[in-house]
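S.K.: As a plain string of letters, each chain reads:
Protein chains: 2
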Amino acid sequence: MINTTRKLRLGAISSILTQNPNVLYPLSYFSAMFGSSKSTLSEDMTILKESFETFGIGSLEVVMGAAGGVRYVPSVNKDVRREAMDEILEQLMSPSRILPGGYVYTADILLTPKYTDKMAQIIWGWFRDTNPDFIITVEAKGIALAASVARLFGKPLVVARRESKLTEGSVVTINYLSGSANRMQKMSISKRAIREGQKTLIIDDFIAGGGTIRAIYDIMKEFSVDVVGCAAAISTKEPIKKRVNDYKSIFILEEANSDENNISFRLSPDIDL
Amino acid sequence: MINTTRKLRLGAISSILTQNPNVLYPLSYFSAMFGSSKSTLSEDMTILKESFETFGIGSLEVVMGAAGGVRYVPSVNKDVRREAMDEILEQLMSPSRILPGGYVYTADILLTPKYTDKMAQIIWGWFRDTNPDFIITVEAKGIALAASVARLFGKPLVVARRESKLTEGSVVTINYLSGSANRMQKMSISKRAIREGQKTLIIDDFIAGGGTIRAIYDIMKEFSVDVVGCAAAISTKEPIKKRVNDYKSIFILEEANSDENNISFRLSPDIDL
Chain L
6 MINTTRKLRL GAISSILTQN PNVLYPLSYF SAMFGSSKST LSEDMTILKE
56 SFETFGIGSL EVVMGAAGGV RYVPSVNKDV RREAMDEILE QLMSPSRILP
106 GGYVYTADIL LTPKYTDKMA QIIWGWFRDT NPDFIITVEA KGIALAASVA
156 RLFGKPLVVA RRESKLTEGS VVTINYLSGS ANRMQKMSIS KRAIREGQKT
206 LIIDDFIAGG GTIRAIYDIM KEFSVDVVGC AAAISTKEPI KKRVNDYKSI
256 FILEEANSDE NNISFRLSPD IDL
Chain Z
6 MINTTRKLRL GAISSILTQN PNVLYPLSYF SAMFGSSKST LSEDMTILKE
56 SFETFGIGSL EVVMGAAGGV RYVPSVNKDV RREAMDEILE QLMSPSRILP
106 GGYVYTADIL LTPKYTDKMA QIIWGWFRDT NPDFIITVEA KGIALAASVA
156 RLFGKPLVVA RRESKLTEGS VVTINYLSGS ANRMQKMSIS KRAIREGQKT
206 LIIDDFIAGG GTIRAIYDIM KEFSVDVVGC AAAISTKEPI KKRVNDYKSI
256 FILEEANSDE NNISFRLSPD IDL
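For the protein sequence lines, the chains are L and Z, in the order given.
Just so you know, this note's numbering puts 74 at position 69 of the first sequence, and the rest follows in order with no gaps.
Just so you know, this note's numbering puts 51 at position 46 of the second sequence, and the rest follows in order with no gaps.
Please keep in mind that the hints were generated in silico from the structure rather than gathered at the bench.
Keep in mind the model is a prediction, meaning the values are calculated, not measured.
You may find that some hints are simply not true.
[What the hints assert, rightly or not] Subject to a maximum C-alpha distance of 30 Å in a straight line, what follows is the list of computed DSBU-like cross-link-like pairs (lysine-lysine):
#1 Lys170/Z <-> Lys242/L
#2 Lys12/Z <-> Lys54/Z
#3 Lys204/Z <-> Lys119/L
#4 Lys170/Z <-> Lys119/L
#5 Lys83/Z <-> Lys43/L
Pulled out of the complex, with its shape left as it was, chain L reads as follows (with noise of 0.2 Å):
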């Protein structure tokens, strides 16, 4: 039997659990919130388990003995992945985002919390074993998928600056050669960020000619952190060899071309549908 103090504890637990993917929760803390006991407690979290398993929400993990807890592991519904992804092509394929050059105007959907958020989710699919300690972007356009992303982890992000600042502190800097444009350029990142011997997760916006990509991997050598994975929102189908080989990225650019007014993307062979 179910009763009112349960039915009014489901929705409170799924929302904070949701707010905080990734996150344990130790039982007391519910307890200590609702006046349950653990072993009602428990109850709960079998239904909401069961829940969002039906529904494709995601799954609870409970941790046993005293230092456990549950933690909510995001997923997300396949019928709605499509729904996002769909609507996400749809109007990434707007001939009105060609610029010219063959530049394609994609700062409104990279930054908008609800595209990031499903982006997040289909990579957080992609590497949800590899258990990074952070997630690493250069600035600016990929920062909040990369914050998308590292909420779902639920890790820190680490921001690649192109100058380095005086409020970073001591910075470890490379120089490198941007894919397209075969121009130098440089990134910093803070020393205080990162601790040797951590893992990270590389996300970026924007995958032309692998070089931002190949510098970060250059970095992390640097700071003695291994790279488990490297994820973009886009790349382009041109160069087809790239100064990284080992990527995943959710759409794919086959054609941008400012004169005839032709755009058009594909969604990754990698997204499961």
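Once you have looked at the hints, place chain Z on chain L.
M.R.: For chain Z alone, coordinates are given in the frame of chain L:
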């Protein structure tokens, strides 16, 4: 009486609404998902509303009529808020953050989603009735916080760039004096990002002299956009007279002295704890 189906629905609906704050979901969305009647779902919503309000998680707003539905309106339990702010404050107070020249290292806090989300909830509480069409910030350190705020409002984010990029299309640029250093800086905003007559909320990581915020106010005038408010994670006590008056900040930096290794922050009196 509550049946098995309801106890499974409650957790799922709570999770979906919580993940998409201020997004209106028609009841038909959930009836397609669960095969439940709208009257049954209305009862679910009443239970969830009571649950959220009882435990200080927010509220559910039910919009009647054909275009109606239900949306999650976030808020945060006072105890949770106090605990989160105390945790951030304790971290900020660490003398190891002091950099030469009285600068303070804060990137780790400003890029950790669990902190930016909690700070965003404070800002949401201050400005929830102002109804902005978008959130605006300047690259780069405030982007994660601004994205957290944009998520709570269910609105897009616009990022002013320090240097205009080809991928921004045509831009409006403003030159301005940055507060403390009295150095000329510029910021650019894509013309595509904003429509005349919209309303915006300004978010920044740090307000010292106020020059950057002043510049955003000025550039918003160029776009005929109305600024409904301005909030920062941190503002400095000195200078008391800043280039902008009308702002709120969560933390106030009272002192950072690298010679004496002193650092002092306090919580804004505007926070209801």
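S.K.: It remains to establish, for every hint, whether it holds in the given structure.
M.R.: Evaluation of the provided hints:
1. Between lysine 170/Z and lysine 242/L, the direct Cα distance comes to roughly 22 Å. Compliance with the 30 Å bound is thereby established for this hinted pair.
2. Under the criterion of a C-alpha separation no larger than 30 Å, the hint pairing lysine 12/Z with lysine 54/Z is consistent with the structure, at around 15 Å.
3. Taking the CA atoms of lysine 204/Z and lysine 119/L, the gap is near 19 Å; set against the 30 Å cutoff, the hint holds.
4. For the hint linking lysine 170/Z to lysine 119/L, the alpha-carbon distance of about 24 Å falls within 30 Å, and the restraint holds.
5. In summary, the hint linking lysine 83/Z to lysine 43/L is supported, as the alpha carbons are separated by about 24 Å, within the 30 Å threshold.
Going through the hint list in order, the structure satisfies each hint without exception.
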